[in-house]
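Number of protein chains: 2
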Amino acid sequence: MPPLEFYFDFSSPYGYFASEKIDSIARRFNRDVAWRPVLLGVIFKTTGAQPLVGSAPLKGAYFLRDFARSARLLQVAYKQPASFPIPTQHAARAFYWLHDQSPARAIALAHALYRAYFIDGRDISAAETCVEVAAALGVDRAALSAALQDSAVKERLKTEMDGAIANGVFGSPFIIVDGEPFHGADRLDQVERWLGTGGW
Amino acid sequence: MPPLEFYFDFSSPYGYFASEKIDSIARRFNRDVAWRPVLLGVIFKTTGAQPLVGSAPLKGAYFLRDFARSARLLQVAYKQPASFPIPTQHAARAFYWLHDQSPARAIALAHALYRAYFIDGRDISAAETCVEVAAALGVDRAALSAALQDSAVKERLKTEMDGAIANGVFGSPFIIVDGEPFHGADRLDQVERWLGTGGW
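Here the protein sequences come in this chain order: U and R.
Position one of the first sequence corresponds to residue 1126 (my numbering), numbered consecutively onward.
Position one of the second sequence corresponds to residue 1126 (my numbering), numbered consecutively onward.
Don't read these hints as lab results, they were simulated from the structure.
Don't take each hint at face value.
Since the list gives no way to pick one copy over another, a pair counts as held whenever it fits inside one copy or between any two copies.
Unchecked claim - Lysine to any residue pairs mimicking SDA-like chemistry, simulated, CA-CA at most 20 Å apart:
#1 1279 with 1251
#2 1170 with 1187
#3 1170 with 1266
#4 1283 with 1195
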């Protein structure tokens, strides 16, 4: 069976919540997960959408409340970062660079980056912060610093973005199960049901 | 206990799905529901948001698929209307006009309007269609036709819209339980849980 495709932005609380659950859900059905960070800012330029918090009146207050409420419901640690949302191209590039060496280590890095931002309040928009978080996992500091400036690594992320948009990804998290797309952390129960039944 | 506040647009599939479930959920907790149709078009002007289907590439295909999938999951009859989305000011005005005579009859009319649109494919954007649907429930045809042109009835809807925006309503369905806001038909399970526990 093909892996679940798990698209997320490192600045997305709902993506973070899903990241804490998706592997255990997939394991229950003997399925793998392909983790694919994307940049919502780039996708929003295509869809004309706006961030949940910041630009739109009314919605911002609701979503700030819902981030905390969803975290409590899902029993995931969460602290609203002071700087939010943030650009996440360095985090995404670090992920794909490491992924091409070891998918498992890249997933460990994704967890570490998400938790650094959404639990410890560290600003992972900075390349240096991404490097520090990776170094704590044993990643070579100098190699990653160089990779984040490497045009091939930048191109790698662009290719992933094109693929995501071609697959219809317009938000975070966005999970594709055997061709069936699900948007939102509040659809994890539907993802689980679909895995169990093959549809309804 | 105060009633649940149930905001919805007559052109919203997710509002329709919620309309088929909300009263039975509330009854289980001995709670009433205050039904409050709104006009998403007016709200979107305030929030800068866009309809789910139509203006945004990528999202349209997903939501058309999700309407049908959600209907199957919730076991609610659904047929995608040919004309979608539609303006719903006549439907909303008919609702409030009847509501001021009998809240229970207004809820019956809301069900009939939603089902006329989302099951039978009737275009309820037309005042005449709203009158026909209401007449089938025994509503006086001439009185309703006159009401739909009455400036006091128009003003009534405007007042409701101001109240909805003041309450933070930015989508459909939008359900407020004892001050706690929930957006989306996929949050009905959370509404139910909140009613049972008083929060988490």
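Each hint, compared with the structure:
1. 1279 with 1251: within (16 Å within a copy, 53 Å between copies)
2. 1170 with 1187: between (23 Å within a copy, 18 Å between copies)
3. 1170 with 1266: neither (33 Å within a copy, 48 Å between copies)
4. 1283 with 1195: Classified as neither; 31 Å inside a copy, 33 Å across copies.
Hint compliance for this structure: hints 3 and 4 are not met, and every other hint is.
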